[in-house]
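Protein chains in written order, with UniProt numbering: chain A, 1 to 195; chain B, 1 to 166.
Worth double-checking, as some hints may not be accurate.
[Said to hold, decoys possible] Listed below are several chain A residues computed to face chain B (Cβ distance under 8 Å; list not exhaustive): (1) 1; (2) 2; (3) 5; (4) 7; (5) 14; (6) 56; (7) 57; (8) 61; (9) 75; (10) 94; (11) 95; (12) 149; (13) 181; (14) 185.
Calculated from the structure, these hints are not laboratory results. Using N, Cα and C, we set each Cβ at its ideal position, and we do this for glycine too.
Single-letter residue listing:
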Amino acid sequence: MSFINYASREINCKIVYYGPGLCGKTTNLQYIYQKTDPSAKGKMISLATETERTLFFDFLPLALGEIRGFKTRFHLYTVPGQVFYDASRKLILKGVDGVVFVADSQEERLDANIESLENLKDNLEEQGYQLEKLPFVVQYNKRDLPNLTSVEELRELLNPDAVPDFEACATTGEGVFETVKAVAKQILLELKKGA
Amino acid sequence: MFGSHSSPFVMYEEELQQITGVLNKLLRESNSKVIFLVDKNGQLIASTGETEHLDTTSLASLTAGNIAATGGLAKLIGEKEFSILFHEGEKDNIHISIVAQRVILVVIFDQRSSLGLVRLRVKKASDELARIFKALGEKAERLEKSGQSQSPFAEITDDDIDNLFK
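Throw the hints in and build the complete structure from the sequences for me.
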């Protein structure tokens, strides 16, 4: 649920990056953080274990500029991908305005992607949301690695509704900004619809 | 409406002034250092006190995460929620409480104050804040129903959105 502050003329929205363990959600945020002008970003917060697996969430506030005199800020969150952190994932989806599903393109992770997408739908429903009604984009990450599932197959399994999707390599930044732009745009259009 | 999934949470100038007034009074009366108010989704609503050297955006996000995690703990033991959290540090302490089931009031204080004083003053301020948020919710609903909500999004164009990403 976005927050419109007429007093400070600001709009704040929440985007959540979801996906299986080690698919590159945190790497997406790290790349955005590295490549964003310091004036446009806040501090990136990572609550991680000693082995750098996300424990609770990563958080990156991002200011994109003004729209009709309102400063537009997006708060990017990731969830912990490992299966047993389900309670944390549910909490982070609270108040979400848009979702990015990051898929791991490696063949051996296909089942993990499907399981994670189902888990996303279940957790959203528990909070009273429907994925089909939320701004949503899919990212096929790790396209630089060998042993890949084809985009056609990933699309068929993970994106049957044909929402915007992107091939990516979060370590080099390919597709990272395209993904965040696409979901931010959908959120703003959704707000326009509701206005 | 305030708190629903479908429409945004809206803050107007008049209510923000009232809220800031309550926070300033609480800061004085509780001898605290910093006070801020956060939406349960992690958005900073208002802050007062010695905030210059604080990353209030991160504090807001982590506070909301903290409240969410504590709420999860509460449910696991059969409680609805824990309405107050207290973190004690070497110099500074943080008192966190939930107001009107929707917003989070955070008070940072040091040895110039005490937990008892903070708790007492927070209770009083929470009642005032709850009244303001109730009125704010009703106002947003009224404006929405009468079609006067003046959303800044109503007339945005694709070009406006594209310009954001240039």
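Legend entry - Numbers of unmet hints, in rising order: 12
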